[in-house]
Each structure stands twice: as structure tokens, then as C-alpha cells.
Amino acid sequence: MRLERRSHVPLALAATTPLAAVAAALVLAGAFIALAGVSPLTAYAEMLRGALGSRLSLTEMLTRATPLMLTGLAAAVAFRARVWNIGAEGQFYAGALLAAWAGHSLLAGWPAPLAIALLMLGGMVAGALLLLGPLALRLGFGVDEVVTTLLLNFVVVLFVGLMIEGPLKDPMAFGWPQSVPVPGDLRLPDLVPRSRLHVGLLVALAAAAVVWLINARTVWGREMKAAGLSPRAAAFAGVSLPRTLVGVALLSGGLAGLAGAVEVLGSTGYVTTTLSPGFGYAGIVVAMLAALHPAGVVAAAVFVATIFVGADAMSRATGVPSFIADVIMALALLSMLVALLFTTHRIAR
Amino acid sequence: MNDLLGLFLTASLWAAVLNIATPLIFGTLGALLCERAGVLNLGIEGIMTMGAMIGWLTVYGGGGLWTGLLVAAAAGALLGLLHAGLTVPLGLSQHVAGLGITLLASALAAYLYRLLVEIGDLPPTIVPFQPLRIPGLSDIPFLGEVLFSRTPPTYLALVAALVLGLVLARTPLGLAVRMTGENPHAVEAQGLDPVRIRIGAVVAGSALMGVGGAFLTTAAFNSFFPAMVQGRGWICIALVVFASWRPGRALLGALLFALFDAYQLRLQAVVPGVPYQLFLMAPYLLSILALTVVARRAQVPEALMAPYRRGER
Chain A
19 MRLERRSHVP
29 LALAATTPLA
39 AVAAALVLAG
49 AFIALAGVSP
59 LTAYAEMLRG
69 ALGSRLSLTE
79 MLTRATPLML
89 TGLAAAVAFR
99 ARVWNIGAEG
109 QFYAGALLAA
119 WAGHSLLAGW
129 PAPLAIALLM
139 LGGMVAGALL
149 LLGPLALRLG
159 FGVDEVVTTL
169 LLNFVVVLFV
179 GLMIEGPLKD
189 PMAFGWPQSV
199 PVPGDLRLPD
209 LVPRSRLHVG
219 LLVALAAAAV
229 VWLINARTVW
239 GREMKAAGLS
249 PRAAAFAGVS
259 LPRTLVGVAL
269 LSGGLAGLAG
279 AVEVLGSTGY
289 VTTTLSPGFG
299 YAGIVVAMLA
309 ALHPAGVVAA
319 AVFVATIFVG
329 ADAMSRATGV
339 PSFIADVIMA
349 LALLSMLVAL
359 LFTTHRIAR
Chain B
21 MNDLLGLFLT
31 ASLWAAVLNI
41 ATPLIFGTLG
51 ALLCERAGVL
61 NLGIEGIMTM
71 GAMIGWLTVY
81 GGGGLWTGLL
91 VAAAAGALLG
101 LLHAGLTVPL
111 GLSQHVAGLG
121 ITLLASALAA
131 YLYRLLVEIG
141 DLPPTIVPFQ
151 PLRIPGLSDI
161 PFLGEVLFSR
171 TPPTYLALVA
181 ALVLGLVLAR
191 TPLGLAVRMT
201 GENPHAVEAQ
211 GLDPVRIRIG
221 AVVAGSALMG
231 VGGAFLTTAA
241 FNSFFPAMVQ
251 GRGWICIALV
261 VFASWRPGRA
271 LLGALLFALF
281 DAYQLRLQAV
291 VPGVPYQLFL
301 MAPYLLSILA
311 LTVVARRAQV
321 PEALMAPYRR
331 GER
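The listed protein sequences derive, respectively, from chains A and B.
Under our numbering, the first residue of the first sequence carries the number 19, and numbering increases by one thereafter.
Under our numbering, the first residue of the second sequence carries the number 21, and numbering increases by one thereafter.
Please keep in mind that the hints were generated in silico from the structure rather than gathered at the bench.
One or more hints might be untrue.
[Claimed, not checked] Mimicking SDA-like on lysine to any residue, the simulated pairs with C-alpha atoms at most 20 Å apart in a straight line are:
hint, chain 1, residue 1, chain 2, residue 2
1, A, K243, A, L220
2, A, K187, B, G293
3, A, K243, A, L359
4, A, K243, B, H115
5, A, K243, A, L268
6, A, K187, B, H115
7, A, K243, A, L219
8, A, K187, B, Y296
9, A, K243, A, G314
10, A, K187, B, P295
[As the list claims (entries may be wrong)] Across the chosen pairs, the derived CB separations fall in these ranges:
hint, chain 1, residue 1, chain 2, residue 2, range
11, B, A326, A, A253, 42 to 52 Å
12, B, L27, A, P189, 32 to 42 Å
13, A, S123, B, Q288, 22 to 32 Å
14, B, T191, A, R67, 55 to 65 Å
15, B, I139, A, L59, 46 to 56 Å
16, B, P295, A, A135, 30 to 40 Å
17, B, E322, A, P189, 50 to 60 Å
18, A, G158, B, G105, 34 to 44 Å
19, A, R214, B, D23, 46 to 56 Å
20, A, G55, B, W86, 29 to 39 Å
21, A, S123, B, P144, 57 to 67 Å
22, B, W86, A, S258, 51 to 61 Å
23, A, S123, B, I139, 37 to 47 Å
24, A, G55, B, L98, 19 to 29 Å
[As the list claims (entries may be wrong)] A few chain A positions that, by computed beta-carbon distances, are all more than 10 Å from chain B:
hint, residue
25, R20
26, A38
27, R67
28, L125
29, N171
30, V173
31, G184
32, F192
33, G193
34, R214
35, L223
36, G239
37, P260
38, A317
39, T361
Cβ coordinates follow ideal geometry from the N, Cα and C atoms, glycine included.
Assemble the whole structure, with the sequences as input and the hints as a guide.
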């Protein structure tokens, strides 16, 4: 028994792959829910209700999906070109910290639309620069970027801690370690009144559209894909690998940085060391579930946000620990990896 | 200045070096074994977390400390089997599969801990491994305190480095593992099965990682919390490169790293006014620096991360 490559991938198969992977993940995670003495069906029903059952929960879910779309795009862009950016978590914090600092000290009093655009741009620059370091080490010294981006995540979170307990500490926060706040008029407006959902959702959707355009309609997009599929063939076809990969790093790191800036400008208004409940790492799952496609990223981010927001409500109702959301997410990633193999390969005897 | 240098003369510093190094030695040896057979195992961070949780849980549930280490090794082996199943016969991306294992193992560790353990105001504790003073040797001034008054898993880590070094370098099994990492087709031509060798190496390596994690909760500390591995797994992956895939150098690398870590911990107390986060960042930055220095000269196993499919080139 061995695997052989399919000559073409049927569209129906490609489209059902993520659904099959999610179904497999839910079945497997069901065993762990049952371990807690709760029927998996009851738990999943509670999760759906908790994430989608009311106006409040629905807006809460979309608020959570917003940064996931951006970190998911960051991972998708990088992975498509085989740049293993596992540092979206750190880049998220870099973007968040820059937005909070610049919003408080630099751009206070500026006209809001201009200042908000500049703050988001600044967040992107911060994230992009943070990824440029590991990429330079890969291109210059042959250092694997997986390890460097992972290690930098810890460095950045410590740096955030240093800043919000030091120079950027909010003196009005009753001793809580949190950064100075962005002035109210520089915050992203609400999308739905009386909810936490903000215009950042539209920013994330626009980012997905832009990434799709770049991928499908520009030479740069093709070059990034070629660099991932076969660096040698790409080089032979005249694609400058370093230049292409620098572009990938700027785009990927920029998207993760934007996620951080949007979260600060839209959700909290300030930075803490717990601003991200693992948005960077969850972005990897989002990107894989989406098979690295920008439109898929939007759908996968909604799925992952549903699991996370739903798990909190389900946990309160049934007592199953909310960590089950992380279990479902990891199982979905692994199932998707296997499912993808069977869309491109079949078993031959 | 004398203070800063004087720190190096204290036995407590060198004793701390061995304590800090122990989980790194286990983890680095485990990752090294996987990679010598051609498989990158980024599941390490999660496997160490699972080892830390389940080793602790075993003892908390009434098992012995050694049983705890054994259960941690078994859990590591099981997760390793999953990683090997995904990456060796199926040939899936070792990067993504490994990260998936880390996410899964960390999530399961946190989930099971929350589910099975009643947590009050303070996390529950166990009685951890106590220092085992080796009769006679532990009375030697300085050395006795540093080398021969450690907890038993530290001795085990040193023995494991020696054994792995000997097995890889001197036995037919070790040769087969090394060949599988360099050229699996040649292994097949010898009538051996590269798939089985890779699976075996990943399972054994992951068991070592599990034990490394368990050291944190059964010897270094006496309770578990989900974020306790703190990137040690990733540091082990960096140490494997730093060690140029050799067990002896891996041991040395782990000890050097631990010396640096132990020194910066003491420096925090001696040098006031410097934010503690700068000290905590240093080990991660040091790892990146070490990788950069050695990356060009590193002798990467030829077939590392190249999936092997029979009959395919």
C-alpha cells in the first residue's frame, strides 16, 4: 500500500476537506468532553448557543474573529512561500505596543481618520521589522526562522512587560501593569451599536481581499508562490529569491502587526501582556484550515472564534474546562494536515 | 566587579547550573535523536508540557516519583508516535505537524489538569525528588556539593547523554539511525527499514522530552502550571543546532546555557535598577546568537526534513 499523487484534485473534494477535518476534530475532542462526564452533543450545542445564539454573543464572536483573520492571513502569506513565520504572536504585540505608544504620545490631537490610518500603518511597520530580523538571519547565515521567530515571541512579550511597567506605564491604572491608553477619539468606531464589535472587522476583510488580489492578480503574488513551490525553479525563471522573501516577510509581519494595532485601537485601547490569548499561534491553525486561501482564512477565523467564544459559555454551563477549545483547534489542525494529503494523493495498491 | 566574578566561585551557582541544565539535557538529547534519524520534532514544547503535567499528576495521585517519570516518558512516546505517524509514513510537513503536536499536547495537559485536579487558592503540591548525596563523593569540598548532591534525575540526564553518545557512535543501531538521517535509500539497500528506524527514533526521543518536562514538576518545583515550560523546548531545538547534532556537545551546550541562565538569575540580585525583564530576555537572545554563529558550519543531517517514500527519489 502506498500513496500516489492525483493527476488533478476534484473541486468537490478540495471544498469538503476542511469540513471533514473539522468533523474529525469534533469527534475526537468529543471523547475528551465525555471524559468530563458531559455529553459531547450537549457541549457542542452549548458552544453554538454561546457563540451565535444572541446578538451579543454573535458580535463578541466577530470581535474575536477580527485579529484571527489578520494573524491567519499573516501565516497564510508566509507559509505559501515556505517562510515559516511562527512569530505572529510577537509581531502582534509589536504592532499593539507601537499603536498604543504612538496613539498616546505622538498623534494625540491629530485628525482622527489620518491618525488612525497612521497608527495602523505604524503597527504594520513594527510587525514587519520584527520578522525582517529572522529572515535576514536565514538569508545571511542560514538560520532556520522557525526557531528564531518562536524565541522572539518570548522576547517581545518580556519587552512589552518592561515597557508597561516602565516608560509606558499607565499612571491612572491603579498599579495594574497596562500601557498608557490611546485617546478616545483615535479609537476605531463601533460597527454595531451597544457591542464591542468595531470597524476593525472591515479592516480585516479588506486585508483578506487585498491578499487575494496580490496572490491571484499580481506578478509578485506568483513569485511568492513560486518561491514556496520550488525555490530552484523560481530562481531559474529569474525570480530573485531574497527580494521575494523580503516582500513575504514585510507582508506577513505587517499583517500580524496590523492585528495588534487593530486590537488596541478597536478593542482595549491599551496593551497588557495578556492582550493576546494566543492569536498568533491560532493564526497558524486558521491558515491551515483555510488551505492558505485568503477567503478560507475569513471562514476559518470565524470557526475558530466560534469555538473559543462558545467554549467559554459552554464551560460556564457544563463545567467542562474551556481549554477544550485549544484541544479542538489543535485536533482540527492535525486532521486538516492529514485531510489535505488525501486531496492531493490517493492510496494505490 | 569582584562581586560579579565572585559569583562564579560559589558552589550554589554551579549546583544551580546542573539543575537548570537537566530538563534541557533531556530535551536536547531527545530532539537530537529525532533529527539524527531525519525528523524535526517541533512537538517538543508540548511534549515537555505534557510530561510535566502527567509526571506530576501521577505522583499527586499516589504514584511514586520514578513512576511519575516513567508515565511522563510513556506519554512522550505516545505523542512521538503520533508525530512519527504523521511525518514518516504519511510524509506530512514536519514543521506543521510538530507545531500541531505542541498545540495538542499543551492543550490536553491544561485541559486534563483542570479536569482532574481540584485547585484551591494555591496550586496543589507534591513532595519532589530530594538531593541524593552520593556516599563519600559528596563530602569532597565544592565538587561534592556541585556534582554529587543533585536529585536523581540529574544523574539520569548525565547517564542518558553518555549512553546516547555511545549508542549513536559505537553500535550498529546507532549507525542505522545516523544513516537514516543522512541517506534513507542507502539504509533500504542494506536491507533495513528506514520507516521503522525513524518511527523508533522519534518515539524514543519524545520519551526523553517527556522526562525532561517531568523534571520541572517532580524535582525543580513541586506543582504544575500550564505555561511552565516557557520556551525550553524551542531552546532545546536551538541547542541541537548549536551542538552540531552531537550528544557530547549537546550536553556541553545545555550546561553552558544553564551557566548563563544561573548567572543572570544571580546578577538580578547584585545589579539593582535594571528591569528584570532584560535579564529574562537574555537566554532567548543568547540562543538566537548561538544559532547565528554556528549555522553556517553546522553539519545538518542530509535527509533532515526530507520525507522518505519507498521507491521515490
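Q. Going back to the hint list, which numbers does this structure go against?
A. Going through the list in order, the structure violates hints 1, 6, 7, 11, 15, 21, 25, 29, 30, 31 and respects the others.
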